[in-house]
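Student: Here's the letter readout for the chains.
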Amino acid sequence: MSRSRLLPLTGILVAVAAWQLGVSTHPSSLIPGPIAVARGIGELAARGLLVKYVVASLFRVTWGYLTALIVAVPLGLALGMRRRAEAAINPVLQVLRPISPLAWIPIAILWFGVGDLSAIFLIFLASLLPLTVATMNAVHNIDPIHLAAARNFGIPLRARITRVLVPAILPQLIVAMRIALGVAWLVVVAAEMIAVNSGLGFLIVDARNAGNRYDLVVAGMVLIGAIGIVLDLLMRRIERLDSVRWGYAAE
Amino acid sequence: MSSIEHSTFEKLVLPLLTVAVIIATWSAAVKFSGTKIFPSPIAVASAIGTLGEKSLLWRYIADSLTRVFAGYAVAIVAGIPLGFLLGWNASLARAVNPVIQMLRPISPLAWMPLAVIWFGVSNAAPIFLIALASFFPIVVAAMNGVRNVPPMYLQAGRNFGLSTWQLMIRVVIPAVLPRIIVGLRLAFGIAWVVLVAAEMIAVDSGLGYLIIDARNAGKRYDLVVAGMLLIGVIGLLLDTGIRRVEEWISE
Amino acid sequence: MKVQFSDISMRFGAMDVLQDVTIGVEEGEFLCIVGPSGCGKSTLLNIAGGFLSPVKGTVTIDGDPVTGPDRRRIFVFQERGVFPWLTVEGNIGFGLFDLPDEERQRRVAQYVHLVGLEGFEKAYPRELSGGMKQRVEVARALAVNPDVLFLDEPFGALDSITRLQMRSELLRIWRAARKTVLFVTHDIEESVQLADRVVVMSARPGRIRRVVEIDIAHPRDLSSRRYIELRDLIFGEIGLAHQV
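Chains as they are written, first to last, in this note's numbering: chain A, 1 to 251; chain B, 1001 to 1251; chain C, 2001 to 2244.
Calculated directly from the structure, the hints in this document are not laboratory data. Glycine included, every Cβ here is placed at the ideal spot set by N, Cα and C. Wrong hints could be hidden among the right ones.
Just some of the chain A residues that point at chain C, by a computed CB distance under 10 Å [stated by the list, open to error]:
1. A17
2. G42
3. E43
4. A45
5. N141
6. R151
7. F153
8. I155
9. R163
10. P167
11. L170
12. D232
13. R245
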């Protein structure tokens, strides 16, 4: 195993060991150790809840995120290309941006009731703004020479968008998508803690309320962290594609 | 049209027009849908007015601000030194980074149950969550800032005979300052969002609490929307304030 | 006249950048435009390419006035004009979207060969040197068979050795393709090495000071008396001493 793999592994092992140590020396605290948590995960799997909750959370993220993407990219392209439209709407975006998606929960419940749709709506909101702004900024950062060249070769507008605009913004967009996905994952968990009856967020709240099962609480947290990493790694894979790689500084 | 006129028009008139259109559409939608619950713009404005009269609003704002600054300060004090350390020492970074990457995607709210165990229901819980959420971006920003100090600056410093400590103070810190401030601004944005979310669950005052309470204690959606607007505007003001600091520093 | 500039004047805001520029370019000619920074030479080229509209005057190509960008007259920018998300093949074939696949591939191969990039067809620009990227751009421009080529300081970002090589390359390709070329540069030596005629512009507002005919046959000996004479002539026009 190469040295570069060894160090991260060591780091994780040290952290886990410290965790176990902390728990063993303070038996009165309710916090579970790594072993109890591992057993908790096993229990969830045995009860069939593991798969059910993970799927529920992923389902909501996927729908909310993809819907936001489909709206944000064309919107961002249109705003990026029309300076006036952007100037008009920018202050509104700036005021909406600091509002936590969770602050929309009352409105979400009002419009969609308690359930999947509310959660999806919240994720949609949480992803829409960052993705739109990122697309807009990416359009601004396109080298004008490329757009001029496209006009020079007589490429019609539609083709200019698909053959030049979109490929040119892809590197920045993919990075923003990765970050937005991370945020969406955070939001889904929070939304589930408040507004629905299944999923990993719900697991955490429920495990505590229905019997102080802190081993399951931490098990939920570990699962959330792990899936978050997996999603992040998947997006980074996309960043390595040839048609995207060119946009990042020398590797 | 001279270029100066152009930009005032764009920066002022167009956004105002957009806001006017939004308010008009909102008003019309409320009227035509005959909803009894969703507030009209006028209702929201008057709600803000009423809140302003009662000292409650100012108390809530003060509480929110106190919490966010406290948590944010903790994150800075803990995060910047650690970030520097990790940026300076690549091996340490490789060891510790995975632990950070693992913990980061776990929604701050998912830490809530643990926070309650450790701190009970009090101001400390939201402060802990805010600190936790801001901690990661600050560490990463500081780490990347230090890592990306152009090697030629360090070489020049050593050339002039600076010790490591002096190098840190006279070369590294000025070099990374602009970049760290940007990271700090982004981290504050996160802190603000987490503040609101944390207040929706764990305390009984503050802007986040206002939103949840207004709904629960009587479906006062005019207060809900008023609260959201306040959150957006105050968050924007704070963000602009940090941007000013950024600009001031980089000159 | 292939390209005719008539009384071109241009203004940006309150600033006059070009004044009454009138010159004709023959078919197949290699014309260089030199001048100090800010003399409007790039602006002139952009007007000819249809990217800017002059406040006065017209540009005609083959008698037709220029109203906008057109594939019959292609701009070659610096090597960063190459599309980084496309391979060499993809770039060169970029303008050939209305050709059937087979024909397009044939053309691309032809121009890959012309600029000497065989073997690099599937490479991405980030894997290429500055000079190679410049060649991709020239090939991309030529592949659509334009009437006129505009080059705006294309070698500006290359190191001086590569620049010398690229000049020879460009001349070789130009002689093979026989296009009309308008080439803007601030490098006087470059203009004397490449051009049939050199248009010397004055400082802002840009006016034509002088048109110098370079009557040396290619390949040009950079130490020959005539070369040095013409070069010094242009130096003098621009008002530069030639001692450092």
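Student: Are the hints correct? Go through all of them and say.
Tutor: Hints, one by one, checked against the model:
1. A17: Interface hint status for A17(A): violated (43 Å vs cutoff 10 Å).
2. G42: violated (47 Å)
3. E43: Where the cut-off is 10 Å and the nearest Cβ of chain C is about 49 Å from E43(A), the hint is violated.
4. A45: violated (43 Å)
5. N141: The hint is violated - N141(A) has no Cβ within 10 Å of chain C, the shortest such distance being about 13 Å.
6. R151: Holds, about 4 Å.
7. F153: For F153(A), the interface hint holds, since the closest Cβ of chain C sits about 4 Å away, which is under 10 Å.
8. I155: It holds, given that the least Cβ distance between I155(A) and chain C is near 7 Å, below 10 Å.
9. R163: Cβ of R163(A) sits 8 Å from chain C, so the hint holds.
10. P167: Status holds, d = 4 Å.
11. L170: With Cβ-Cβ at 7 Å, under 10 Å, it holds.
12. D232: Violated, because the Cβ-Cβ distance from D232(A) to chain C comes to roughly 23 Å (cut-off 10 Å).
13. R245: Interface hint status for R245(A): holds (8 Å vs cutoff 10 Å).
Of the hints listed earlier, those the structure fails to meet are numbers 1, 2, 3, 4, 5 and 12, in rising order.
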